[in-house]
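Participant: Given next are the chains, with one letter for each unit.
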Amino acid sequence: MEKTCKNFWSRAIIHVDMDAFFAAVEQLDNPELRGKPVIIGGPANSRGVVSTCSYEAREFGVHSAMSSAMAHRLCPHGIFLPGRHERYSEVSGQIHQIFHRFTPSVLPLSCDEAFLDVTGSQRLFGAAPDIGLRIKDIIKAETGLTASVGLAGTLFVAKVASDMDKPDGLTIIRDEEVIDRLAILPVRRMWGVGKVAEKKLLRLGINTIGDLQSWPLKELIENFGNFGEHMYNLCRGIDPREVEGEDEAEKSISNEHTFSRDIMKVSELRSTLLYLSDKVARRARCAQMPGRTVQLKVKYSDFTSITRRITLPNPTSCAQEIFETAFKLLQEKSECGSRPVRLIGVGVSNFSESCESQQSLFFNIQTRNNREKIEKAEIAADAIINKLGRGTIGRGSIMLDK
Amino acid sequence: MKFTCNRVKLAEALGLVNNVIPARASKPVIQNVQIRGNSDSTITLSGTDYEIGISYNLEVENLTDPSTALISASSLVGIVQEDRSEEVTLEINEESAKMIASRGVFEFSVALNEEFPEIRSIGTEDVIEIPGDALTDAISKTSFATARGDTRYALNGICINIQDEKADFVASDTHRLSLVSKKIKNDSKVNKQSIVITKGMQELARMASGEDVVQIQLLSNEMVAKTSRATLISRLVDGQFPRYQDVIPKETALSLTFVRDELMHGLRLVGKMSNEESHSIKIDAANDKMNISATTGSLGSGQQELDAKVEGGEISASFNFVYLIEALKSFNSSEMSMKLSNNDAPVRMDEGDYIHVVMPITSRR
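These protein sequence lines are chains A and B, in that order.
Residues in the first sequence are numbered from 1 upward in steps of one, following our numbering.
Residues in the second sequence are numbered from 1 upward in steps of one, following our numbering.
Please note: incorrect hints may appear among the correct ones.
Straight-line distance between alpha carbons at most 30 Å, and here's what the computed DSSO-like set of lysine-lysine pairs gives [said to hold, decoys possible]: (1) B:166 - B:27; (2) A:166 - A:265; (3) A:251 - B:9; (4) B:192 - A:333; (5) B:272 - B:183; (6) B:199 - B:166; (7) B:27 - A:333; (8) A:195 - A:36; (9) B:199 - B:2; (10) B:27 - B:2; (11) B:166 - A:328; (12) A:265 - A:218; (13) A:328 - B:2; (14) B:27 - B:9; (15) B:183 - B:166.
Everything labelled a hint here was simulated from the structure, so no lab data went into it.
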């Protein structure tokens, strides 16, 4: 291990990714599960999906987002569990506290992943690779869980690195190695490259990040506009984003979806919005960061986009409430339905620092009970999704619309 | 058309009508005030923003050739209010309106007399009557508690619930509720509940003040109200007002009695240290003392102790101090009480025909 490494990085960014987090927590809490294929998600005989599975299950070819039925076929003696969201949240909180011992600049991505900027921590805690190791050790000692850590000069490369040696790995990518180490990866590993962009890239014969590196900036811009420039930089490991302090960093939690074709029908937008609201709410609950402002983003087919927002009386992490608010914005403050839409997104922000909530008169009894019920159902669904993967459990209305 | 009238009275009338005239509108015709001469030596001034319309009858002198004209409201109102003459004379023809004041002359261009929305006059069916000051009182005690721009449209207005010889005026933004019950004259046995937009009710309060009797008619989509001089129509809010009777606390074991001004003062002080989002302050009361306190991580903390009478047990609850101040302001007694059943329950305050309820703030799990 390098002892003096300050010179290898412009900045020292660490990405910590917990290994098979939910499955690992289950194995931790229940020793009988250790060494066994644990699959979290929908029951084996259900139409559900796998959220997470232990490394033992992965040996059978089981992976997240696979249908539970398929997982059961591959791994008939797998132990299927629904997941316990609250417990995961608790462990997640413990891990985040460990991060904060090393730096105030922590950017949580989800309950089992975070970026840490340790550039300024090296004088106090030693070289960045040592910090990476110590974080792994402390997590192991205090929670009994293993994490994989990536260390690099930028957020994107650090995240790529943490994935290279899972589980329990520590991968360091120095600035001068970035181009070569990225080159072999498939293009979909690039941030911002979703299904739609990937298709287009593959059509152009760009299969790996290395292929992308050989394209001149001008041609990428011709084919992809501003996104071309983003890819041009990212495939070289150039990523200007920074890890800000937690309160600064997570200014909003949002998700968006680019359609493979332009959408006119409000009903189609509605079901996508519902799906996105679910995702956003789940992240907000996981990070325990309910927000008061709900925003809707719409990009029309001509690439012009609008953002509309509403501030609610009380902070929310309830998907139903986020969806209803965003859908109202869509109906009243956008041209959806009369103008073809390319992308929609939804987010919450304006996170509340206080843990107080103004009580309501009428909605205490009915709506409030209802909302609590809905939120409980959502939390229960979180657990399933976290374990089984998206698609295992869903809303009836989304199915109907499809 | 030509007439002469007292300038102060004209300014008052124009001021009332102008309250609803929009400065900018998609149909510019409603940026005008309509002046119509009547055969009985009165003129009618009308204005509307399509949601609320007001017409006002004013006695004038030497009215000749009565006709109708539209004049840009902003300039006319400003000049009539600013002028110092005792009397002014208006001469209106198809091209212009000339106002002759004691020391000056102003000439306004006149808009073509096109489709100005008519302010309907009150009908004869299903009309109730209420004293003007009772109506103004009911509106001033409810309008501040209405919701603004809530997605539950029914809350963006004041609900009028007429039953027998009584009308309930209710408003709530879900965090608090105001209910005033007034005696009315209900000869036609109206039994009806409607929600009137807040601004419509506020204009009505202005118009009703000092009037012996105000007539009110609730139609399917609008309210018509008439005083001795003016008529107001206002759009209703669609929707069902929540069952307010169910949320007014009836059993209240705990009671806190205090001097209203002292508590308002204490709240204003301690409120400065409250969280700027929740405006949360805490009230703790026991042994004839009440303590108001606020702590905000980034600001610091503050507290204030007041004399109080505490009955039924210790009180410890948090509230939005702005809601409490607005509520206390709407009462008149110098000494008053807050009543509640337990420390997480809504707080009830009473005075005569008026009940106000405020919900507490609780800590999230």
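Participant: Check the hint pairing residue 166 (chain B) with residue 328 (chain A) against an upper bound of 30 Å on the C-alpha distance.
Facilitator: Since the Cα atoms of residue 166 (chain B) and residue 328 (chain A) sit roughly 38 Å apart, the hinted pair is violated (cutoff 30 Å).
Participant: Within a Cα-Cα threshold of 30 Å, do residue 328 (chain A) and residue 2 (chain B) meet the stated pairing?
Facilitator: Violated - the C-alpha atoms of residue 2 (chain B) and residue 328 (chain A) are around 53 Å apart, more than 30 Å.
Participant: Is the Cα-Cα distance between residue 166 (chain A) and residue 265 (chain A) 30 Å or less?
Facilitator: violated, 43 Å
Participant: Is residue 183 (chain B) within 30 Å of residue 166 (chain B), Cα to Cα?
Facilitator: Satisfied, since the Cα-Cα distance of roughly 5 Å is no more than 30 Å.
Participant: Would the pair residue 195 (chain A) and residue 36 (chain A) pass a check requiring their Cα atoms to be no farther apart than 30 Å?
Facilitator: violated, 34 Å
Participant: Does residue 166 (chain B) pair with residue 27 (chain B) here, judged by a C-alpha cut-off of 30 Å?
Facilitator: Judged against 30 Å, a Cα distance of about 40 Å means the pair is violated.
Participant: Are the Cα positions of residue 272 (chain B) and residue 183 (chain B) separated by 30 Å at most?
Facilitator: Violated, at about 40 Å.
Participant: For the pair supplied as a hint, residue 27 (chain B) and residue 2 (chain B), confirm whether the alpha-carbon distance does not exceed 30 Å.
Facilitator: Cα-Cα ~28 Å, so holds.
Participant: Would the hint linking residue 265 (chain A) and residue 218 (chain A) be met if the CA-CA limit is 30 Å?
Facilitator: Roughly 35 Å between the alpha carbons, so the hint for residue 265 (chain A) and residue 218 (chain A) is violated.
Participant: What's the verdict on residue 199 (chain B) and residue 2 (chain B), does the C-alpha distance respect the 30 Å limit or exceed it?
Facilitator: violated, 34 Å
Participant: Against the 30 Å threshold, does the CA-CA distance of residue 27 (chain B) and residue 9 (chain B) hold or violate the hint?
Facilitator: Holds. Residue 27 (chain B) to residue 9 (chain B) sits at ~29 Å (cutoff 30 Å).
Participant: Holds or violated: are the alpha carbons of residue 199 (chain B) and residue 166 (chain B) at most 30 Å from each other?
Facilitator: holds, 23 Å
Hints 1, 2, 3, 4, 5, 8, 9, 11, 12 and 13, counting from the list given before, are not met by this structure.
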